[in-house]
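Sequential numbering of the sequence shown, starting at 81, is according to this note's numbering.
Please keep in mind that the hints were generated in silico from the structure rather than gathered at the bench.
This one's a predicted model, so the numbers in the text were calculated from it and none came from an experiment.
It is possible that some hints are incorrect.
Said to hold, decoys possible - SDA-like cross-link-like pairs, simulated, lysine to any residue; straight-line CA separation at most 20 Å: (1) K88 to L162; (2) K194 to N147; (3) K88 to G190; (4) K88 to S151; (5) K88 to N147; (6) K88 to R186; (7) K88 to L166; (8) K194 to Q150; (9) K88 to A131; (10) K88 to D182.
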Amino acid sequence: MQRFTELKVWQRAHALVLEVYRISASFPQEERFGVTSQLRRAITSVPTNIAEGSRRQGQQEYSRFLNVAQSSAAETEYLLILCRDLGYLSPAAFDRLTADLDEVARMLHGLRSKVDRA
81 MQRFTELKVW QRAHALVLEV YRISASFPQE ERFGVTSQLR RAITSVPTNI AEGSRRQGQQ
141 EYSRFLNVAQ SSAAETEYLL ILCRDLGYLS PAAFDRLTAD LDEVARMLHG LRSKVDRA
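Whole structure, please, built from the sequences with the hints as guidance.
Written out as structure tokens, the structure is:
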């Protein structure tokens, strides 16, 4: 069984978590328990669910956790839009983060399709 840390999708998602943490550190202090916390929880859920699902018994369970990771990616996308619209993210940072998130979402879709066929 392949370790989750060897999965390209987990590696990309983890790198994105680190980038979101770095960028969100500059968000307004009053958002510390608001959108900053929610964005960090949402993006962290993506690689967390990949990791947890990879250790579950059976492909159906793994697929379910990958679905949760996909849902968390969608939540993250909305929160990035909100942060951009509130002026917390520059257009360039937003474009970079959403492009990376789109790549992770595509990779998740591919992995989930592969797991579902197994």
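Right, here's what the structure says about each hint:
Of the supplied pair hints, the one linking K88 and L162 is violated, its CA atoms being roughly 28 Å apart against a limit of 20 Å. Between K194 and N147, the direct Cα distance comes to roughly 13 Å. Compliance with the 20 Å bound is thereby established for this hinted pair. Taken as a hint, the K88 and G190 pair is honoured in the structure, with Cα atoms around 11 Å apart against an allowance of 20 Å. Of the supplied pair hints, the one linking K88 and S151 holds, its CA atoms being roughly 19 Å apart against a limit of 20 Å.
Taken as a hint, the K88 and N147 pair is honoured in the structure, with Cα atoms around 17 Å apart against an allowance of 20 Å. A C-alpha spacing of about 12 Å is found between K88 and R186, which places the hinted pair at or below 20 Å, so the restraint holds. Annotation: proposed proximity of K88 to L166 is violated, straight-line Cα distance about 32 Å (limit 20 Å). With a CA separation close to 15 Å, the supplied pair K194 and Q150 stays within the 20 Å bound.
Between the alpha carbons of K88 and A131 the distance comes to roughly 12 Å, so the proposed pair stays at or under 20 Å and holds. Pair hint K88 plus D182 holds up; C-alpha atoms about 14 Å apart against a cutoff of 20 Å.
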